[in-house]
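Student: Generate coordinates for the entire structure from the input sequences, incorporating the hints supplied.
Numbering follows our numbering, with no gaps: position 40 of the sequence shown is 767.
It should be emphasised that the hints constitute simulated quantities derived from the structure, not laboratory data.
None of the values given here were measured: they were computed from a predicted structure.
A few of these clues could be false.
Result set (EDC-like, lysine to aspartate or glutamate): computed pairs, CA atoms no more than 20 Å apart in a straight line [as the list claims (entries may be wrong)]:
1. Lys803 to Asp734
2. Lys803 to Glu851
3. Lys807 to Asp734
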Amino acid sequence: MNDPIGDMLTRIRNAQMRGKSTVTTPASKMRVRVLDVLAAEGYIRGYEMTEDSNGHAAIEVSLKYFEGTPVIREMKRVSKPGRRVYMGVKDIAQVRQGLGVSIVSTPKGVMSDAAARAANVGGEVLCTVF
728 MNDPIGDMLT RIRNAQMRGK STVTTPASKM RVRVLDVLAA EGYIRGYEMT EDSNGHAAIE
788 VSLKYFEGTP VIREMKRVSK PGRRVYMGVK DIAQVRQGLG VSIVSTPKGV MSDAAARAAN
848 VGGEVLCTVF
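Tutor: Structure representation (C-alpha cells):
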C-alpha cells in the first residue's frame, strides 16, 4: 500500500456513506496521530486499538453522526505520495473560513492548522476535513 493515510480516509468516508457506526483500519503511528486530531476536533467519537483475525494490530474508529447525517461532510487528501505539499506557517489557509480543519504534520508533531499557527510552525498538509 502506497498511501496508508489516504486508505484510512477512504475507509472512513465509505463507512459513513453506508451508515456504519465503526470502521476498522490497520494500525500505524501516523494513523493514530491523525485520529487524535480528528477526535480532538470532534469529527469522530474516538478509537481503540484492537487486533484483526490474523493477529495484526488494528484500529477501530467510532464514527460520529448528528441527526442521522455524518459529522464529516468532506475529507480530502492534500499531500499525496506523488506530490507532497508543504506550507509555511503564514501560508496555511483556513478551511471553509475556519469551519473545517487542515491536519498538518510538523516538526512538533501532527496537529490541526490552528494549533500549527499557534505553535508558529509549518509542515506537510496531510488532509482537510469539513
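Student: Now look at each hint and say whether the structure bears it out.
Tutor: Each hint, compared with the structure:
For the given pair, Lys803 sits about 11 Å from Asp734 by alpha-carbon distance, which is consistent with the 20 Å threshold. At most 20 Å may separate the alpha-carbon atoms for a hinted pair to count; Lys803 and Glu851 meet this at roughly 14 Å. Between Lys807 and Asp734 the CA atoms are separated by roughly 11 Å; this keeps the pair inside 20 Å, and the hint holds.
In this structure, every one of the numbered hints holds.
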